[in-house]
Amino acid sequence: MTTSTPNLTANAALKTPLYKRHVALGGRMVDFGGWELPQQYTSIRDEHLAVRQVAGLFDISHMGRFRVTGDGSFEFLQGLLTNDLSRIGYGRAQYNLICNEAGGILDDLVVYWGEEGFFVVVNAANREQDLDWMRIHAPAGVEIEDRTFELALIAFQGPRAEELTPADRLEDLPYFGFRPSVVAGVDALVSRTGYTGEDGFEIFVSADRVGHVWDAILEKGAHAGVLPAGLGARDATRLEAALRLYGSDMDETVNPYEAGLGWTVRLDKGGFIGRDALTNVKADGPKRTIVGLQTAAGDIARHGTAVSSRGRLVGTVTSGTHSFFLGHPIALAMVEVASLRVGETAAVDVRGREASAEVVQLPFYRGSARSAAAPTKS
Amino acid sequence: MAGRQYTKSHEWLTVEGKSATVGITDFAQSQLGDVVFLELPNPGRKLEAGESFGVVESVKAASDLYAPLSGRVAEVNDKLAGKPELINSDPFGDGWILKLDISGELPKDLMDEDAYKKFTETGA
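Going down the list, the protein sequences come from chains A and B.
If you're matching positions, the first sequence starts at 1 in our numbering and goes up one per residue.
If you're matching positions, the second sequence starts at 1 in our numbering and goes up one per residue.
These are computed hints drawn from the structure, not numbers from a lab.
Just so it is clear, CB atoms sit at the ideal spot from N, CA and C, and this is done for glycine as well.
Hints may be right or wrong, so weigh each one.
Chain B side only, calculated, beta carbon under 7 Å to chain A, not exhaustive [as the list claims (entries may be wrong)]:
1. G33
2. F37
3. P41
4. L110
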């Protein structure tokens, strides 16, 4: 047996504060963005289904976390990011993009507007370059502090997450809202956000207390079927929800309109990096777009493989996996605009042969998240 | 039944008379993660030792399977079509992949359990 995927064994440099717990829970540790994280504990299938049917607990402490403070922080972030922070306020979070001058996506992130400044959560693999980019562009007086190592981050996601979280009064926390709370007796910041399409919370807690919170959530939920969930379940659930993955579905050669993230670009908010280029893209219309594909059992279309229509190459698969929940493989593909419409049949390369793929509506699955869908207009 | 033998490409085989049973190892299945599909040859096909005879698709990757010895495919494990997860749950038992009618000698570089264990630990 040989495998086409590298990084099946872990030798990453960085470990989260929950590393020992992952190992003790039987986690199969792999390198993800330079961090040693569990691909799975028992089985991706079981963990995936737990997230969809009850709730699953993820360690996402690998994600970069920056605190942005000081006079001019708001204006700095408005000039750096594509979305319009004036549309939110204290206690609210917003999905956002950093683009370069050419309109290519440098990262996707969530900005939290707190009373003591802003918090920015970025992809692990981009942490250092995002930090550099932000510091290069920050004016005097704006401080950007990397809090990744002092602050842990866990995500508790699933239709029963609210009832099973050991914290008071979460029912009135709105989608993309966050506030200080006490979880299992520990001071935390609880945010109603996630990356699975399900309702649930992302919980910021100090690195030295996160183990206690982790244990308490698993203990409280054990009878209901709550499981710790690894990267495999995280990828499958985010893909079913058609949430984009940086580095797979988008990178700096892709602009937000192509990635289907035009709704995060607010050209009318004032100047920001990439605005001129994106104004042109929007005026001309993007050349490529993301579509959803569904294939027959066993035909998993993998990242980078060819997609064709009527014998003509129209694009490539950006993400693909087997959905245990839906019972068949699913994939996202970046294709020429208007080359494939919902209901049509495309051909995808699977292990060197052409397999038939149906173009389907996105997301593949709409979970319990209160508003998991992007606004329909971009 | 003779002891289980192993290849560097993480297949196992057991030999009974002129028949060999072939599967992938527990180490292999644990590295692959959840198996979702297998592409396997039809009975009657002749395989040379080291020849790729099929594919195992896991959530993470598609991986080629290699014949650990030369022979003719006598039987394919039909249960895997409906329950590919047997590869994960019982790789040395119900998750066997195929049976071969052995032709010729077994390859010289097969490993016993201890040697394979050392191989997976050191990669040597």
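Cross-check of the supplied hints:
| no. | hint | verdict |
| --- | --- | --- |
| 1 | G33 | holds, 6 Å |
| 2 | F37 | holds, 3 Å |
| 3 | P41 | violated, 14 Å |
| 4 | L110 | violated, 15 Å |
Hints 3 and 4, counting from the list given before, are not met by this structure.
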